[in-house]
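S.K.: At position 35 of the sequence shown (counting the first as 1) the number is 34 in numbering that gives the first Met the number 0, and the numbers step up by one without a gap.
One thing to keep in mind: the hints can contain errors.
Derived SDA-like pairs: lysine to any residue, alpha-carbon spacing no greater than 25 angstroms straight-line [to be verified]:
1. 157 / 0
2. 157 / 32
3. 148 / 31
4. 157 / 86
5. 157 / 64
6. 148 / 64
7. 157 / 93
8. 157 / 31
9. 148 / 106
10. 157 / 18
11. 157 / 106
12. 148 / 51
13. 157 / 113
14. 148 / 110
15. 148 / 32
16. 148 / 92
17. 157 / 92
18. 148 / 1
19. 148 / 81
20. 148 / 20
21. 148 / 85
22. 148 / 83
23. 148 / 96
24. 148 / 136
25. 157 / 75
26. 157 / 119
27. 157 / 19
28. 148 / 165
29. 148 / 4
30. 148 / 207
31. 157 / 78
32. 157 / 117
33. 148 / 18
34. 148 / 2
35. 148 / 62
36. 157 / 172
37. 157 / 136
38. 148 / 202
Don't read these hints as lab results, they were simulated from the structure.
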Amino acid sequence: MTEFSFSCTDVRADAYAAGPTLVFRLRITATGGTRVHAMALRCQIRIEPARRGYDDHEAAALGDLFGERSRWGSSLNPVQFAQASVMVPGFTGEIETDLVVPCTYDTDIAASRYFRALSDGDVPLLLLFSGTAFTGAGGFHVEPVPWDKEVSHRMPVKVWREMIDQHFPGCGWIRLPGDAMDALLAYRSRRALPSWEATVESLLEAAGERTR
């Protein structure tokens, strides 16, 4: 049985992707000089919020996810971020490969709200690996990548912001059900408002909650 080990050496925003995308650089090692013909690798990525500190502004922004700071001892649980897969080409000994992870800026998604709440520093991530390896010098042997293979990585918050700014510069994004969207469209049309920003500003002013 071949022993595999994994590490994450870097993460960057993909400047050429059609949508928000992160690229994780992985290093994979196979012990004993075993020839690996290919590897179908799966990766689950979790945020581990308990592994960093938060200032008062961040704590307030995270209240809808984790509750009051006084409860964080029991409520600061891991948050599912993404699942991705990659077909790793053949190698002997060691190889580096990119894991491409499409992302969303949908603020109904817990991971997106978590990232948006952070002012600076790093995001503590846990990458959990599984999959199938095809090995053997004189033929093909099928070996599983054990479920206990995992690695921690701290992604700078600025990498997430860079990725989002490439696609939504200076903007936010929310998802609404169809009936709410229809009502907003009708509201905008009745008042001949020139943009969605003006529409939201009008609603905020009517509610006594001006943004500026």
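S.K.: Now tell me, hint by hint, if it's right for this structure.
M.R.: Results for each hint:
1. 157 / 0: violated (40 angstroms)
2. 157 / 32: violated (38 angstroms)
3. 148 / 31: holds (18 angstroms)
4. 157 / 86: violated (28 angstroms)
5. 157 / 64: holds (21 angstroms)
6. 148 / 64: Between residue 148 and residue 64 the Cα gap is close to 28 angstroms, so the pair fails against 25 angstroms, i.e. violated.
7. 157 / 93: violated (30 angstroms)
8. 157 / 31: Violated. Residue 157 to residue 31 sits at ~39 angstroms, over the 25 angstroms cutoff.
9. 148 / 106: violated (30 angstroms)
10. 157 / 18: With a Cα-Cα distance of about 17 angstroms, the restraint between residue 157 and residue 18 holds, given a limit of 25 angstroms.
11. 157 / 106: holds (18 angstroms)
12. 148 / 51: Holds - the C-alpha atoms of residue 51 and residue 148 are around 23 angstroms apart, at most 25 angstroms.
13. 157 / 113: OK: residue 157 and residue 113 at ~14 angstroms, within 25 angstroms.
14. 148 / 110: holds (23 angstroms)
15. 148 / 32: holds (19 angstroms)
16. 148 / 92: Cα-Cα ~17 angstroms, so holds.
17. 157 / 92: violated (33 angstroms)
18. 148 / 1: holds (13 angstroms)
19. 148 / 81: holds (17 angstroms)
20. 148 / 20: holds (24 angstroms)
21. 148 / 85: holds (16 angstroms)
22. 148 / 83: Judged against 25 angstroms, a Cα distance of about 15 angstroms means the pair holds.
23. 148 / 96: Distance ~17 angstroms between residue 148 and residue 96 Cα, so the pair holds.
24. 148 / 136: holds (24 angstroms)
25. 157 / 75: holds (22 angstroms)
26. 157 / 119: holds (7 angstroms)
27. 157 / 19: holds (14 angstroms)
28. 148 / 165: violated (33 angstroms)
29. 148 / 4: Holds, at roughly 7 angstroms.
30. 148 / 207: violated (53 angstroms)
31. 157 / 78: Holds, at about 19 angstroms.
32. 157 / 117: holds (10 angstroms)
33. 148 / 18: Not satisfied, since the Cα-Cα distance of roughly 29 angstroms exceeds 25 angstroms.
34. 148 / 2: OK: residue 148 and residue 2 at ~10 angstroms, within 25 angstroms.
35. 148 / 62: violated (32 angstroms)
36. 157 / 172: With Cα atoms ~19 angstroms apart, residue 157 and residue 172 stay inside 25 angstroms; holds.
37. 157 / 136: Status violated; Cα separation ~44 angstroms.
38. 148 / 202: Since the Cα atoms of residue 148 and residue 202 sit roughly 50 angstroms apart, the hinted pair is violated (cutoff 25 angstroms).
In this structure, the earlier hints numbered 1, 2, 4, 6, 7, 8, 9, 17, 28, 30, 33, 35, 37 and 38 are contradicted, and the remaining ones agree with it.
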